[in-house]
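Enquirer: This is what each chain is made of:
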Amino acid sequence: MIIEAHDLRKTFVAKRGRGKTEEVEAVRGIDLSVDEGEIFACLGPNGAGKTTTVRMLATFTIPTSGTARVAGFDVVKEAAKVREKIGYVGQAGGVDDNAPGRESLVLAGRIAGLSRKDALARAEELFAAFSLSEIADRPVKTLSGGQKRRFSLAIGLVNRPPLVFLDEPTTGLDPQNRANLWDEIRALRDRGTSVLLTTHYLDEADALCDRLVIVDHGKIVAEGTPEKLKKELAGDVVTLRLDDLEGARKVLAAQPYIKETQVEGDSLRAYLDDGEHGLPTLLRALEAENLAIRSISLDRATLDDVFLKHTGRSLRDAA
Amino acid sequence: MLRHTLLFTGYELGVMRRNLAWPIIGIMQPVLYLLLFAPLLTSITPNGELSEALIVFTPAALVMIALFGSMFAGFGMINETRNGVLERLAVSQAWRPAIILGRVVKDMLMLVLQSLLVLGVAALMGLRISLAAMGLMLLLMAVTGLFAANLSYGLALAVRDENGMSQIVQFFLLPLMLLSGLMLPMSLAPDWMQTVAKFNPLYYAVEAGRAMFADDFSDGDIPIAFAIFLVLGVLTLTWSVRSLRKLAG
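Heads up: the protein sequence lines correspond to chains A and B, in order.
Reading the first sequence from the start, the letters are residues 1 to 319 in the UniProt record's numbering.
Reading the second sequence from the start, the letters are residues 1 to 249 in the UniProt record's numbering.
Simulated from the structure, these hints should not be mistaken for lab results.
Among the hints, erroneous ones may be present.
[Stated by the list, open to error] Here are the in silico distance ranges between beta carbons for each label pair: (1) B:L117 with A:D97: 22 to 30 Å; (2) B:R82 with A:R28: 22 to 30 Å; (3) B:D161 with A:R294: 20 to 28 Å; (4) A:E124 with B:Q29: 40 to 48 Å; (5) B:I25 with A:A14: 36 to 44 Å.
[Unchecked claim] Subject to a maximum C-alpha distance of 30 Å in a straight line, what follows is the list of computed DSS-like cross-link-like pairs (lysine-lysine): (6) B:K246 with A:K20; (7) A:K219 with B:K246; (8) A:K81 with B:K198; (9) A:K250 with A:K309; (10) A:K117 with A:K81.
[To be verified] Stretch-level coverage of chain B by chain A, calculated; a stretch enters the list once three of its residues show a Cβ under 8 Å from a Cβ in chain A: (11) 8-15; (12) 25-39.
For clarity, every value in this text was computed on a predicted model and none was experimentally measured.
Each residue gets a CB set at the ideal place from its N, CA and C atoms; glycine is no exception.
Take the sequences, apply the hints, and build the full model.
Expert: Next comes the structure, spelled out in structure tokens:
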């Protein structure tokens, strides 16, 4: 286990003007265990407590209560030892805009204990790995979002950490850059690096991670591999729009092939294993009760459906 | 510890080297004061000569660079609280005080260099001081910078807002300047002002500077000034490192 967290909690005291304060429970008891060489995702809407969780594990924020061991060391009592073993790429990137990327990288390398010569060599290695060689000497402020993100990642890896934390690594990137970054994260795992990333993109968690937790309101609502989580539900989902949502829900819930039903806003979602064959039967059942359908669609169940099942909201609306 | 401090200093000096225009513009104000204000002081010097006025006013011009330069050093760090640089450094292997101290050492070096340039201008105008006075004055500027820059970084990390920070610095700047005898010696002030000035650390810097430039090295204000700035420097550094920890909430 490269990360073992037990009942992590964090309460912030937020200022509410005129000397008033309010306690905000950002993280309300999170248990995590991440294996070596695994890509592990924290999936959840904005404000779910993902960033706070990662910051506690990366020794930035001190937990209000609970314990965590990262790479074998306690994140509070042995923070200095943890810091030797991790790379941390925050949401904001953390690359100095005013200097060329090479300078930031060499400084980071030397802070991690490399000699000037070794730091320069390590920088070259990382520039080559992330296709940054040609822009390494340009001030970072002149670079594109995707290029900056690659510099952040390179800086995070300068000390060859066995574990990297990536907080929302692809937010704001275009699809092409996102796909490239996914490849780079997979390449990290292939070299034996463990990755803990946070994301509010379902497809990202689905495509990239080996295991994930779904976090909402500071708590874990589901945990497992993407396949396992989706299988718990059913393979397919039928989304219906109709006037009598509750009536239709009762009818469908009574059907043996329907595993689960969810009302979300003005639509009804019914989960079933073999959608192509189940759909005609489903339509007949609704027709027999004279329930008029305005629209209908059949999709593969996604992690959003898992989120919906556990929180009663769609991840798209939750932010 | 020292290694990390020097690494940060080296990095910051590199950043400054690419933007040399700023520190040079930074000394325009004291140079203009030397050129356009020091001559006015000839009316209060014994023989009415500019070289005498320069002995009184040059130390003030130097303290002015510390006030209007180093006190604003923290502005750059406000951005670093947002762009993730400080967050990344806080979880790196860096010795935390070095993150601040490395920048402060850069500001101290810059202040000494700017002081040298201003001293050069004053020399061209007719200032004559001993090498010992010059060396000691540059040392005094370094410790003044230690305090002013640390204070500025501490403020930046506590306030974390450019508008708020500029209001606070401006608010303190004018009384600090007037109550240090920067423009005119405090000995010309009424008693109550002289009493209040004794609580202004910069007053001792100006007074100590004037004593040195007059070759009066036995003046009690010289050790007091060094002691005050060293102690305040350590206190403000401690404060800014604590504020750095508070970034995490």
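Enquirer: So, for every hint listed, does it hold in this structure?
Expert: Each hint, compared with the structure:
1. The supplied range of 22 to 30 Å is met by L117 (chain B) and D97 (chain A), whose beta-carbon atoms lie about 28 Å from each other.
2. The supplied range of 22 to 30 Å is met by R82 (chain B) and R28 (chain A), whose beta-carbon atoms lie about 27 Å from each other.
3. The beta-carbon spacing between D161 (chain B) and R294 (chain A), approximately 51 Å, falls outside the hinted interval of 20 to 28 Å.
4. In this structure, E124 (chain A) and Q29 (chain B) meet the distance hint of 40 to 48 Å, their C-beta atoms being roughly 44 Å apart.
5. The hint said 36 to 44 Å for the Cβ distance between I25 (chain B) and A14 (chain A), and at roughly 40 Å that hint holds.
6. At most 30 Å may separate the alpha-carbon atoms for a hinted pair to count; K246 (chain B) and K20 (chain A) meet this at roughly 19 Å.
7. In summary, the hint linking K219 (chain A) to K246 (chain B) is supported, as the alpha carbons are separated by about 24 Å, within the 30 Å threshold.
8. Proposed proximity of K81 (chain A) and K198 (chain B) is contradicted: the alpha carbons are some 47 Å apart, above 30 Å.
9. Between the alpha carbons of K250 (chain A) and K309 (chain A) the distance comes to roughly 17 Å, so the proposed pair stays at or under 30 Å and holds.
10. Distance restraint check for K117 (chain A) and K81 (chain A): the Cα-Cα separation of roughly 24 Å lies within the 30 Å cut-off, and the hinted pair is therefore satisfied.
11. Using a Cβ-Cβ cut-off of 8 Å, 4 residues of the region 8-15 of chain B lie near chain A, which meets the minimum of three, so the contact claim holds.
12. Under the rule that three or more residues need a Cβ within less than 8 Å of chain A, the assignment of the region 25-39 of chain B is violated, with 0 such residues.
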